Amino acid sequence: MTNHTVTSTFAQRLPKTENMFIPFIMSGDPTPELTIELAYTLQESGADVLELGVPYSDPLADGPTIQQAAARAIEQGMTIQKAIQLIPEMRKRGVHIPIVLFTYCNPVLQYGMETLVKELKKNEADGLLVPDIPLEESEELKQHAEAHGIQLISLVAPNSEERIKRIAEQASGFLYCVSSLGVTGERAEMDPNISSFLEKVKHYSSVPVAVGFGISTNDQVQLMHNYSDGVIVGSKIIKIIEGEQSALLKEDTRDEGLKRVKEQITQLINY
Amino acid sequence: MTNHTVTSTFAQRLPKTENMFIPFIMSGDPTPELTIELAYTLQESGADVLELGVPYSDPLADGPTIQQAAARAIEQGMTIQKAIQLIPEMRKRGVHIPIVLFTYCNPVLQYGMETLVKELKKNEADGLLVPDIPLEESEELKQHAEAHGIQLISLVAPNSEERIKRIAEQASGFLYCVSSLGVTGERAEMDPNISSFLEKVKHYSSVPVAVGFGISTNDQVQLMHNYSDGVIVGSKIIKIIEGEQSALLKEDTRDEGLKRVKEQITQLINY
Amino acid sequence: MSVTYPDAKGRFGDFGGKFVPETLMAPLQEIEAYLTEALQDEEFIAAFQHELKTYGGRPTAFTYANQLTESLGGAQIYLKREDLNHTGAHKLNNAIGQALLAKRMGKTKIIAETGAGQHGVASATVAAKLGLECKVFMGEKDIERQELNVFRMKLLGAEVIPVSSGSKTLKDATNEAIRHWVAHCDDEYYLIGSVVGPHPYPEMVRNFQRVIGDETKTQFDDVKGGLPNRIYACVGGGSNAIGMFYPFLGTGVELVGIEAAGRGIQSPEHAATLTKGTPGIIHGSMTYLLQDEFGQITEPYSISAGLDYPGIGPEHAYLHASKQVRYESITDDEALEAIKTLSRTEGIIPAIESAHAVAQAIKEAETMDPSETIVINVSGRGDKDMSTIMEYFEGSDGLD
Amino acid sequence: MSVTYPDAKGRFGDFGGKFVPETLMAPLQEIEAYLTEALQDEEFIAAFQHELKTYGGRPTAFTYANQLTESLGGAQIYLKREDLNHTGAHKLNNAIGQALLAKRMGKTKIIAETGAGQHGVASATVAAKLGLECKVFMGEKDIERQELNVFRMKLLGAEVIPVSSGSKTLKDATNEAIRHWVAHCDDEYYLIGSVVGPHPYPEMVRNFQRVIGDETKTQFDDVKGGLPNRIYACVGGGSNAIGMFYPFLGTGVELVGIEAAGRGIQSPEHAATLTKGTPGIIHGSMTYLLQDEFGQITEPYSISAGLDYPGIGPEHAYLHASKQVRYESITDDEALEAIKTLSRTEGIIPAIESAHAVAQAIKEAETMDPSETIVINVSGRGDKDMSTIMEYFEGSDGLD
Ligand SMILES: Cc1ncc(COP(=O)(O)O)c(C=O)c1O
Ligand SMILES: Cc1ncc(COP(=O)(O)O)c(C=O)c1O
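Chains as they are written, first to last, in the working numbering: chain A, 1 to 271; chain B, 1 to 271; chain C, 1 to 400; chain D, 1 to 400.
Simulated from the structure, these hints should not be mistaken for laboratory data. Remember, predicted model here, so these are calculated numbers, not experimental data. Built from N, CA and C at the ideal position, the CB exists for glycine as well. It cannot be assumed that every hint is accurate.
Label pairs and their computed distance ranges (CB to CB) [as the list claims (entries may be wrong)]:
#1 E37(C) with E199(B): 31 to 41 Å
#2 T17(A) with G395(C): 52 to 62 Å
#3 G395(C) with E251(A): 43 to 53 Å
#4 Q222(A) with E159(D): 36 to 46 Å
When you get a sec, could you build the whole thing from the sequences and use the hints?
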């Protein structure tokens, strides 16, 4: 439909399309500088795609862990603009995997859809994920994204039913499968019907299929790798970073902190 | 109608039927013994009839002064029975003027109408005044009273209008004219229409006509004597007694207190 | 037969009458004369009905309590929703009627007594609506306990007059209102809040409140056909009960009035006037009351301010004596439990007063046949009682 | 034309829609499907109307404010009395409708958000009446401020869930309710309290609230004939306003929605969403909202808890943009003054929310011709606000 004037960098930067690990971090939590360092550490720990969160005042799809991370980041003065500006810094630091900006719809609207995707492109981002724009409301944004070579990541949920096909067929970058009903946050157990759901999604999807929401243990990661092309881990990453926060915030213990973050993540995704 | 089996003592005991002074005291305020002494003192000060109040919990026709006197008397344990029993003591002390028991209707009912008038007679009382039994409700009580030689005192008010005639014609003992609309208690000024009202009452009444409610100054007493056969003074008497209460309550200052009560009353009714 | 009362002297059998100071006889006669004339004037009746409808919100709803009925498994329970009246209780019906009469009489001021403040608020409300001045007499103790209702009356433009005599509660506020009226009966109208006081008040208030029963009769007939088996109403002074019962007298419907048993009728703390009182005179009327052996009126007790009255309307005394109405009593605890039950089964938080009727009805409905029907008069809503209820249940800890 | 909105995507012009996480698309579609079917089912409509009438107390009264009219000397003022609804506000209409729908959908539990507690109480009420479980999400700050309403909900059997996220007020309670619903949409129904949220909520709530306007149309025509010149309603989320306005759209009646100007729209403390907000997305819907330059939603302020919301229903955004409704704003001070005025002239203490409409109407009525007519929607009663009003007037010292 639209004229692809700009080529997409997502596929080029993606290390692999199986057994993917897609961590989420919140821009500015605990500080912008550490966000950059953490992005690099995550890549070093095996991340294939980085989801870079923009903190939002009213994050409807998020559980307490990410809500609190957002609140801390807003407190620190983080904005969507500053979050985007972190990306070139990450690139400079050596982050070469695809970076997907995660932001709610309202900041996108205030920024301007076209301005946003242009800025993303300019700042070497690869994708955009807006959790509160379902397929039916995404057309305009998708057109802008496509026009500027930014992959608009779609989400699909266990109750999407007959919409699975429609969503999967138009998905770009990777397809984000919500593991179970509910918001982001750790879950003790996974939905028992997850395998048949993922099978159905994979059937229709032409892009890699990753599972997110609630994945927080190595067992869960291993299980998901059986059914999907990768896992998205958010709240658990935030928790790991929170646990190392005091070390990370001090110049002299930062490297140790980052090392321990890496260790924990390696344990989490190891298989 | 009824058979006058017992003769009335009221008229026999009444010193005079003009320029009457009819004070009110509350039984048991401040003590039963003092009520007897005060009755005697009032007679010595010129009282022609004594209104002996029975304290009541809900004295609808009374202002604050008499309400409080009643509350104090109830507190002291005064009852209608005990109040009646004070009368023979008063007689022993030398009180020879007519004594009218003033009580609200409910205690009368609980005592029993016939029992009450019998007891009154037996205890040498002469009359009964119930401020909340208007003519229309008084028939039964009046029959009992007449049967036992007790005068049931009637009240008439400035707004009694066409009822004045009916009330006045059946009045016995004396006719109590309410000076103005309102409850008992001192008033700075008298109703300007009082003279025509009293004239009308006197026209129909075959018994002496006395004015009460709010009379508290010598001027008022003098004025009322022009239009009526006497004055009833309640709240002012209570106030005078209240003023001397501490003297009255001590054995060694009692006589002085009584003397001062007498002086004040003499000043009040002097003309 | 019953419907011919009161007689010319204002007597319902042995009860009623006018036991008032002579000074009040004229104003009472004036009211009686105007009232008689007003009730024969179609315009007055129409004005009354107009205000009830367009201002008060009548007819009030008639609700089938399906969940309560099912949970008890007995008689079918219907609720007459006086709680939906403007200002939250049946009290408004009477206040509208009397205030219209006061205006007709050319009075520019009304006075009223109040305990918890419901009748005070109703009076202040109609006074505002009809452009009358309003003074409300309220015991000092009640003023302390009912700060919000006091403020409400003042917001409505009424003057609230603290009464410090006697026990500083409703009984004394009534005394004081009467005393004040005696002195100001030329331009003031005394708007009594229940079917108490001297004639013609009990009859007049009943006539202004009978709309409750009249509507119920029609509504029940519309919904179920015929008449219910039993009707329940709480009794303080007795206005909501008589308003509900009156149109059903002599129809064979079993009428049940519920008094406040407070902490139990074996304790000294209750307000069960018919159950435990004796005949006597209070506020100008011969009726049952709580009193000591010498005729001193004693203080009643009930957790519900509206039932906390030592007397009862004379017509109830008569209906009791003539066995036309059965009177029962319900304790504080039973009433509060009934509030919880009705709230949770029907989503209706009744006034604590009304909850007494609910509690008795619950007791009896269980034992009745599912083919039988009962009506409970929900005389008012519980909003005014929330702090009391909350205190009773110790926050929400005592709720489950 | 206006009446064909929303379109298939739930859009009112540029506004509305469904901006929700994917997981909510299915439950929203489920609601839409059941709703469409229910609204075509005469039995459902009849059941809704039956509950409105026999339980909620509809039709609500229509009062001529003769004293207020005379004191202003301008347009004739009529009041639509939503304050006479069971539980004290128009909120019940919608709660009944949605709870009936939830039952039809086979849901056994409802969840709701609440600010001051009015919608929470209405939801807890209908849940009790219909035998549903009820969870109410409420910000921790609001729980502290509204102790009595919290207790009321618990008494009605609802669970009140404290929300500690964000600013701990209504906005966050709504977020949390939505988050909870995402995880429990299989057996829970989310009962939104105003014409906000994703499609089909704004349309559904409007349809359940339009009874206000439909009745008003009939009542006005009965009393005066024809249509009024202007109609006033306050706007928080906008449900009482849209309920009132909807049947009058396109009729030529001038419709005025009144937002809360709090401490003044020049100050940062207001809730005047249309007057001072910008388009954006809140709670799943494209509409006007209060936000900063980066799209972070900012905290609104109003003395009235029910207007203290940073968004507004999308249909209002559309009616604003298409100039079919005029939106004004009224400050705390003006609203409180209007409470005093309406209380004293008409004996009606309105909710602080409703007082915003009253205040604007008073301003305008004065300048209108006595032959003109206006209607004010009195969306709720002031009982719930008495402590706030009392605090504002510093006891009764500030009353005169
Ligand atoms: C709700 C309610 N019900 C009942 C009563 C008792 O009065 P009555 O017995 O006159 O109906 C009151 C009195 O305040 C009341 O507020
Ligand atoms: C009485 C009253 N009016 C108005 C509102 C505002 O809501 P809406 O704008 O949806 O009518 C509320 C909300 O709680 C309310 O309680």
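Tested hints:
For E37(C) and E199(B), the Cβ-Cβ distance of about 32 Å falls inside the hinted range of 31 to 41 Å, so the restraint holds. In this structure the hint that T17(A) and G395(C) lie 52 to 62 Å apart at CB holds, the actual value being about 58 Å. One distance hint, 43 to 53 Å for the beta-carbon pair G395(C) and E251(A), holds here, with the actual separation near 51 Å. Checking the proposed 36 to 46 Å range against Q222(A) and E159(D) shows it holds: the Cβ atoms sit about 38 Å from each other.
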